[in-house]
Amino acid sequence: MKKILTLSTALTAVGFAAAAQEVTVMSWGGSYTVSQVEAYHKPFTAQTGIKVVSVDADNPATPIKAMVEAGNVTIDVADVEYADAIRLCDEGLLEEIDPSILPPAPDGTPATEDFLPGALTDCAVASIVFSTVFAYDTTKFPEGPTTMADFFDIEKFPGKRGMRKGAKANLEMALMADGVPADEVYAVLETDEGVSRAFVMLDKIKGSTIWWEAGAQPPQLLADGEVSMTTAYNGRIFAAQVAESKPFAIVWDGQVYEYDLFVIPKGAPNLDNALEFVKFSTDTQRLADQAKWISYGPGRKSSGALVGLYQDGKTEMGPHMPTSAENLTNALASSYEFWVDRDSELNERFNAWLAQ
Amino acid sequence: MVAIDTSGGEALGGGLLTTADGKPLKQALAHAQARARRKALLLVVPLLAFIVITFVVPIGQLLFRSVYNDGFSANMPQVSAWFQETEAGAEPDEAAYAALVADIVASAEARTIGVVGTRVNYEISGTRSLFTSAGRNAKDLQPPYREALLELNAKWADPQLWGVMRSVSSAYSANFYLAAMDLARDANGDIVRAPEDRRIYGMLFLRTLWLSALITGLCLILAYPVAHLLAVLPLARSNLLMILVLLPFWTSLLVRTTSWMVMLQEQGVINNALVALGLVGNESRIQMMYNQAGTIIAMTHILLPFMILPLYSVMRPINPSYVRAARSLGATSWTAFRRVYLPQTLPGIGAGALLVFILAVGYYITPALVGGASGQLISNLIAYHMQDSLNWSLAAALAALLLAGVLILYWLYDRLIGIDNLKLG
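Heads up: the protein sequence lines correspond to chains C and D, in order. Just so you know, my numbering puts 52 at position 52 of the first sequence, and the rest follows in order with no gaps. Start counting at 1 in the second sequence, then tack on 1000, and there's your number in my numbering.
Calculated from the structure, these hints are not laboratory results.
Only pairs whose alpha carbons sit at most 16 Å apart, straight line, appear in this in silico EDC-like list of lysine to aspartate or glutamate: (1) C:Lys-204 / C:Asp-178; (2) C:Lys-206 / C:Asp-150; (3) C:Lys-292 / C:Glu-316; (4) C:Lys-204 / C:Glu-155; (5) C:Lys-266 / C:Glu-69; (6) D:Lys-1155 / D:Glu-1123; (7) C:Lys-246 / C:Asp-224; (8) C:Lys-168 / C:Asp-58; (9) C:Lys-65 / D:Asp-1388; (10) C:Lys-156 / C:Glu-143; (11) C:Lys-292 / C:Asp-312; (12) C:Lys-168 / D:Asp-1388; (13) C:Lys-160 / D:Glu-1266; (14) C:Lys-140 / D:Glu-1283; (15) C:Lys-160 / D:Glu-1283.
Using the sequences provided together with the hints, build the complete structure.
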């Protein structure tokens, strides 16, 4: 009897030890999460033996506050947008991440100099540059829309539109479609007249727009024929184009690009593993690897040279990146300073506009 | 049942009625009853505890949250103290600015400056960064603090900002209820209507009530004949049909909603069928989803069993001979229905309507998925403030108003029809 007891206790202890060796990562789902699983999770588990549990959310930033305030944090790492990372950090909801622990580039350049400008903040480490673009179904428009203004032109390009349900990126795109140059967009949007001008533009397509919330929805809406054009995260459209051979085309004019960053919620149950995961995932090789699975630009300079072909072994990734020179001709860097501050106000106004 | 009147007993000159062991009967009875009551109480204690823990406490917390937000007061103690010492409307002096800077420095170090800024931002939007950017720079500020802070940003001298800071320096505030009713305070602290492009909640409350009433009505019209059919068929056949009602009822809400999406979308089953039959052109497919129509169709279907079941349970025991008797006395079938059958089903109608209506008022998943922009209900905005904007106080205030609305309707129902007439089976 005693033997059995000892044995079972030992087994339980082993069980607990095994259970403790894991890290829960929350991300955006769909083809984006697939790219992270392939580039980060699997090699991480192979190297460290720590299991990675992947969880999806429409926007991983939103559950963090509820979790931290309720004192019941169940995730260790979350993948969030820039403005959300700053906001959560300012509210004390994130663990600080010391940039000096991050691995240097292969040539020895320290991480603080190797990451793109602004890609490291007090609480967050950028992994990728992604972009909100608009895409269309080439079978419906063989000639194709070419500018942001075409997206808002229902007469020239009839059919339903898809847009993300929220103010961010939509207002910027509306202003660019209305002829505001990319470098003046935020100056215009600072003013009440500028915001109204953006909403007047959105009014033109309000009646024929379907509002999406999760990043996996827009390619689906396009594939179902529910919309003829939709805004989307560029990597999602790429995945549908290349992996599923859908007849979609991206219009890069007026794209709005920004970083996605890893953060660690305050009180993460596996803090050490979380830090290990962030260190591992943001080294030069891993960031370059992710580009093998989805067309998002790596957040480190040294990764750029390592980006080559898509996992099918023949598609060159360069031209599909939001940061490649020909795609940046009329592009807008999303301003976190603007959105950290105006997020709640503009979304409130957006909701009111939507409901009216 | 024997009535025992002890005073009568005394009047008769006899002693009290006693039990065999000499205790007064009344006392013994009370004793026995008290024990039974205690036992009964013990049996319901688990339920009582369950209700208190899962229902009363959360609702209490929600109501508390709707008037309480210590985002500013808890993190800015010195300037809050200054507000308490001075009269309302007092010009902020150097001491006030010194307290403000000290608080901002401490708050930035504790990483709570974002909370402070967010709290003020709820009242005047666009001020969050005022606090966070000051938090980044406040450490280097030298006295005189007024000039130093104004040099960072001239907005710090704005009297409206100081008025708002004064009002949020107390953790208790009714402002979230004002916001939930599309009202706001102007620079003088008077209550005014919110700007037109921000008014949303009043309209959404009305839309929620109107759509819920419409869905209740549709459910009643659809459910009444079905329930009647189920009630008059022989049991074996009605059970078979009942399965058709119950099967969808047992299916997950999400599955049913997404199946409606398959049916209703523009390239969906219904539209394809209509196009194949030549009833509509391929170019003019009907938009049945991502608008109010989608919400109405899907919610009516999902809530239908909640109407059928109480109606059925009330109709089943109605004796068919009553209607036959009415007919044989010369009533037309309409009169027999109206004066004999319908009144007997009223308790079921009341129960079903109340059930469907209250469920519809709080529905959130179905409108979120198939409602698009025009089919959203107030619950979607509550969910938005809970999950996305994280303005829990506003979400709580909206939820409290919704709760109050439902309670008023319940009270009206009780006054007009009487809650005793409610029959679920």
